[in-house]
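*Asks:* These are the residues of each chain, in order.
There are 2 protein chains.
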Amino acid sequence: MDFRLVNGINVDQLFQTIELVKENPDLALFKFRARNTWVEGTHNRATVKDFYGAFQEDDSREVLTFELDEPPVLCGDNLGANPVEYLLVALSGCLTTSLVAHAAAKGIALKKVSTRFEGDLDLRGFLGLSEEVPVGFQTIRVFFTIDADLPEGQKEDLVKMAQKYSPVFNTITRATPVSVHLEK
Amino acid sequence: MDFRLVNGINVDQLFQTIELVKENPDLALFKFRARNTWVEGTHNRATVKDFYGAFQEDDSREVLTFELDEPPVLCGDNLGANPVEYLLVALSGCLTTSLVAHAAAKGIALKKVSTRFEGDLDLRGFLGLSEEVPVGFQTIRVFFTIDADLPEGQKEDLVKMAQKYSPVFNTITRATPVSVHLEK
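Protein chains in written order, with the working numbering: chain B, 1 to 184; chain H, 185 to 368.
Please keep in mind that the hints were generated in silico from the structure rather than gathered at the bench. Some clues are possibly wrong.
Reference listing, derived: stretches of chain H covered by chain B, where coverage requires no fewer than 3 residues with Cβ under 8 Å from a Cβ of chain B [as the list claims (entries may be wrong)]: (1) 207-221; (2) 267-279; (3) 304-316; (4) 331-341; (5) 344-358.
None of the values given here were measured: they were computed from a predicted structure. Note that beta-carbon positions come from the ideal geometry of N, C-alpha and C, so glycine has one too.
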């Protein structure tokens with residue numbers, strides 16, 4: 001092996017990337033994308049394929065397809081997880097990767113990391129029955145379980161680091177602008 | 185057929201739900217959930233199954249599994265879409281369903297709805313190289329294409345309604361609290 005792996009992360013590549021970005025900050029500018037096609041009712045289908053980053057378009061992946069639907073109590077047929085569940089999936093992956101990668105950068109080995117997520121949604125917002133309740137999640141709770149030879153205080157520090165550096169966590173907890181346009 | 189379908193949405197069920205929620209607002213309180221297990225490096229796996237809503241736990245779905253990874257340029261092996269792409273998938277499904285359902289409630293028939301999403305991410309935030317750039321998406325752009333026998337102005341109104349009533353859109357664009365805990 002000609003590079004160092006910590007938690008399965010190539011930390012040599014990580015530190016090289018950091019040095020390159022210090023010299024040329026625009027290397028860090030990425031654009032991520034998705035597409036969606038309505039199927040019927042509450043069922044729709046999203047795809048992910050290309051992205052831009054490190055000064056080039058990357059179109060090398062196969063198309064990744066995601067089914068989205070609602071359960072019957074919300075007028076759907078359970079043909080996929082629903083959109084707010086996908087948001088929790090996104091948050092779960094991002095907090096996990098942020099924790100694992102930043103631990104790796106500090107040389108901290110982890111054995112197991114698992115998490116559970118729960119978000120409170122009052123559907124009176126979606127249904128237009130109240131202007132007072134938030135339309136989105138009122139609050140989201142996250143519980144980390146970390147198996148590693150570390151004192152509790154250091155595990156707590158890792159959990160704080162995950163929040164500080166996770167793009168999805170920060171997209172949700174800070175008001176992120178989303179501009180929506182109609183194609184003519 | 186003993187109920188009215190508009191855009192594949194059972195609008196009789198939708199209006200019955202609205203009347204029931206007006207009588208008993210707590211019927212609208214839902215809890216959605218996800219779990220995640222780290223696999224290796226930037227690869228982790230999320231699952232979705234149970235939720236709470238309409239006064240009961242629903243554990244009837246099969247487990248839905250989602251692989252998350254990064255592309256090689258971000259130290260991964262492309263074993264799944266990455267977390268910020270899942271966030272765009274969540275947003276895509278939610279804006280689509282919100283638009284379709286609110287159109288159905290108004291009796292507006294749609295033929296086709298498709299969308300594309302692009303979000304700008306400056307990875308200097310994730311890498312801890314700048315306190316000035318946002319760690320999350322700087323901005324997300326959404327483009328709707330709607331095929332329906334409607335004047336442009338009415339399509340624009342539908343796009344505004346989608347934003348007003350979409351839980352994921354509002355979770356992202358308003359600062360949503362996320363509390364993160366370490367299990368002892």
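*Asks:* All hints, please: hold or fail.
*Replies:* Results of checking the hints against the structure:
| no. | hint | in the structure |
| --- | --- | --- |
| 1 | 207-221 | holds (count 11) |
| 2 | 267-279 | holds (count 13) |
| 3 | 304-316 | holds (count 11) |
| 4 | 331-341 | holds (count 3) |
| 5 | 344-358 | holds (count 13) |
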